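The chain contents come next:
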Amino acid sequence: MTQQATKLVIVTEKLLLKKIVKIIDEAGATGYTVMEAGGKGSRNVRSSGQPSVSDTYSNVKIEVLTANRDVAVKISDEVAERFFEDYSGITYLCDAEVLRAHKF
Amino acid sequence: MTQQATKLVIVTEKLLLKKIVKIIDEAGATGYTVMEAGGKGSRNVRSSGQPSVSDTYSNVKIEVLTANRDVAVKISDEVAERFFEDYSGITYLCDAEVLRAHKF
Amino acid sequence: MTQQATKLVIVTEKLLLKKIVKIIDEAGATGYTVMEAGGKGSRNVRSSGQPSVSDTYSNVKIEVLTANRDVAVKISDEVAERFFEDYSGITYLCDAEVLRAHKF
Numbered sequence: 082m083t084q085q086a087t088k089l090v091i092v093t094e095k096l097l098l099k100k101i102v103k104i105i106d107e108a109g110a111t112g113y114t115v116m117e118a119g120g121k122g123s124r125n126v127r128s129s130g131q132p133s134v135s136d137t138y139s140n141v142k143i144e145v146l147t148a149n150r151d152v153a154v155k156i157s158d159e160v161a162e163r164f165f166e167d168y169s170g171i172t173y174l175c176d177a178e179v180l181r182a183h184k185f
Numbered sequence: 082m083t084q085q086a087t088k089l090v091i092v093t094e095k096l097l098l099k100k101i102v103k104i105i106d107e108a109g110a111t112g113y114t115v116m117e118a119g120g121k122g123s124r125n126v127r128s129s130g131q132p133s134v135s136d137t138y139s140n141v142k143i144e145v146l147t148a149n150r151d152v153a154v155k156i157s158d159e160v161a162e163r164f165f166e167d168y169s170g171i172t173y174l175c176d177a178e179v180l181r182a183h184k185f
Numbered sequence: 082m083t084q085q086a087t088k089l090v091i092v093t094e095k096l097l098l099k100k101i102v103k104i105i106d107e108a109g110a111t112g113y114t115v116m117e118a119g120g121k122g123s124r125n126v127r128s129s130g131q132p133s134v135s136d137t138y139s140n141v142k143i144e145v146l147t148a149n150r151d152v153a154v155k156i157s158d159e160v161a162e163r164f165f166e167d168y169s170g171i172t173y174l175c176d177a178e179v180l181r182a183h184k185f
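Chains as they are written, first to last, in the numbering used here: chain A, 82 to 185; chain B, 82 to 185; chain C, 82 to 185.
No lab work stands behind these hints: they were computed from the structure.
Treat the numbers as computed from the prediction; the structure is a model and nothing was measured.
We put the beta carbon where it would ideally sit given N, CA and C, even for glycine.
Some clues are possibly wrong.
Which stretches of chain B does chain C cover? Using the computed rule of at least three CB atoms under 8 Å from a CB of chain C, they are [unchecked claim]: (1) 83-95; (2) 104-116; (3) 173-180.
Start from the sequences and build out the full structure, keeping to the hints where you can.
In structure tokens, the structure reads:
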């Protein structure tokens with residue numbers, strides 16, 4: 082009744098959003114969700130040079146749901162390789178189930 | 082020590098929020114969380130007729146945590162049936178664990 | 082290729098954010114993500130005495146990703162013990178996978 086899917090989560094600096102959306106589109110994912118976020122990472126490499134204060138929402142959380150786990154891994158790899166030397170960010174995967182009747 | 086639970090996630094257009102909250106309440110779920118969201122879906126059926134730009138937060142992400150998976154599926158089915166012909170949206174389920182000592 | 086991790090999710094009143102961040106830091110977690118949220122809980126114990134309306138974002142959703150599940154449980158226990166008698170809130174755990182090449 083349900084279809085296994087993979088949810089890729091990317092939390093990173095807001096100024097990278099357009100570039101990451103391009104990577105998501107080119108990888109063949111059919112959609113994504115974006116939310117404003119704040120927080121603190123494990124490294125002090127924020128491009129702005131400022132400490133990240135939790136109540137300034139200068140990050141974004143991007144979620145990509147895909148039936149094909151390889152697509153999620155590919156996006157994750159490309160985002161990490163291109164940006165995470167110079168910008169703060171993290172990506173991880175979660176399992177999800179989509180009801181078969183619903184398109185995504 | 083922990084109790085299995087199901088998290089239902091609904092991402093859809095903001096103008097549906099009140100109607101969806103009513104469905105959640107009537108299904109017997111005890112609570113929900115709402116966040117503003119933007120993004121792009123797989124179909125171009127946004128009721129506004131505008132393309133959804135990722136930095137306009139005209140969507141909402143609604144999360145419902147329930148100990149009873151059937152409640153999550155029921156809400157998901159009803160939301161999809163009533164709205165996803167005419168509005169953009171997606172629903173999916175994730176596994177979660179609630180520490181037994183904590184009520185939800 | 083991937084490393085199992087635990088995502089702790091805390092949804093509670095915004096005014097608790099600083100205190101909870103302190104608990105997260107002291108537990109040894111390396112980072113967290115914060116988002117504004119609204120919603121309704123199972124109990125009517127909001128400290129403000131007001132009903133929580135879903136379109137006023139007076140809550141926060143805090144996510145902590147950790148390789149060590151015990152750290153997540155410890156934070157969850159401490160947050161629930163210290164605050165959830167007097168404030169509305171919920172915590173739960175989800176499984177996540179971090180690509181090994183990515184630090185978190």
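* To do: Quick one: which hint numbers does this structure break? Sort them smallest to largest.
  => Violated hints: none at all, because every hint is consistent with the structure.
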